[in-house]
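Trainee: The lines below spell out each chain.
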Amino acid sequence: MTPDSHFILDKHPTLKNCVIGAGFSGHGFKMAPVTGEILTRLLLKEEINDYDMNKFAIKRFSNTK
Amino acid sequence: MENVGEQVELTSYFGEKVIADGVVITAGPWTAQLLKDTDVDIPAEPNRVDVMYWKIKPEYRQQYSIERFPSGLYFIDDHHQQDKHNQEAVYWTPQWEYPDMIKIGFHGNAINKSHPDRRDQNIESDRNRNVKIVSEFVKKSFPGVEFENGPSIMETCYYTVMIALNVSLSCKNCACNQLIKPILI
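So the protein lines, in turn, are chains A and P. Going by numbering that gives the first Met the number 0, the first sequence opens with residue 0, and the numbers climb by one from there. Going by numbering that gives the first Met the number 0, the second sequence opens with residue 0, and the numbers climb by one from there.
For the record, the hints were derived by calculation from the structure and aren't laboratory data. Watch out, some of these pointers could steer you wrong.
[Unchecked claim] With a straight-line cut-off of 35 Å between C-alpha atoms, the simulated DSBU-like cross-links for lysine-lysine are:
| id | chain 1 | residue 1 | chain 2 | residue 2 |
| --- | --- | --- | --- | --- |
| 1 | A | K58 | P | K138 |
| 2 | P | K131 | P | K16 |
| 3 | P | K16 | A | K15 |
[To be verified] From the structure, some residues in chain P lie toward chain A, with a derived Cβ separation under 8 Å:
| id | residue |
| --- | --- |
| 4 | N2 |
| 5 | I18 |
| 6 | G21 |
| 7 | D40 |
Owing to the predicted nature of the structure, the values given are computational and were not obtained by experimental measurement. We treat Cβ as the ideally placed atom computed from N, Cα and C, and that holds for glycine.
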């Protein structure tokens, strides 16, 4: 088992108006302010250009339908 | 959870229904289980982690205060310097959260897989192992900290660990840096 430290910050692939913040692998606490900001902006459907969101995308997992 | 027009309908375990304009899923160690019900699989694994606080002898308390003592991380085995994410380490913060105690804990690959609904399962054997490792370190490196009877306070914390798909071993590639930089500037 290798922790990869890349957590999930993304919209739910099928549920509308549903966002996910998960898998912080033990270092989520220090990220809480920016996590809250990003989840809020995702839910409000703001376009996020100031952070690279690809690293946190749920679609990087092949078993996601 | 289901779509209802532009809204989301949530049904509780007891059958109650709630309609919401938006939902934020931050269910910690339960997230993978919760998302499975919505046909989404994420490789997130709950792990139980022991958090330990050790008593400081009165004459040493000033030395370990937040004004005088740094936080730190010590890698127990330094043969695999490139592989920091896989290494076992002891970390500490100065005396702060509890009076007259210093937080010294264990961080490593061998943290304990554990279901959050059965968090006490195997807790004794896991704890004994972790306490032994930290206790030896405290004895060797932290004068004036009482190691003989183990930590005075033990707490349980859950890490929801993402299992590596693209293995990232360097902190340069670590996702946290991507986010934290814009804040620091």
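Trainee: All the hints need checking, so say for each whether the structure fits it.
Mentor: Quick rundown of the hints versus the structure:
Taking the CA atoms of A:K58 and P:K138, the gap is about 47 Å. The hint is violated against a cut of 35 Å. Pair hint P:K131 plus P:K16 does not hold up; C-alpha atoms about 48 Å apart against a cutoff of 35 Å. For the suggested pair P:K16 and A:K15, the alpha carbons sit about 17 Å apart, so the restraint of at most 35 Å is met. Hint status for P:N2: holds, given a least beta-carbon distance of 5 Å to chain A, under 8 Å.
Evaluation of the P:I18 hint against chain A yields a violated restraint, the C-beta minimum of about 11 Å exceeding 8 Å. Interface restraint check: P:G21 against chain A, minimum CB-CB distance 4 Å, threshold 8 Å, status holds. Given the 8 Å rule on beta carbons, the hint for P:D40 holds: about 4 Å separates it from the nearest Cβ of chain A.
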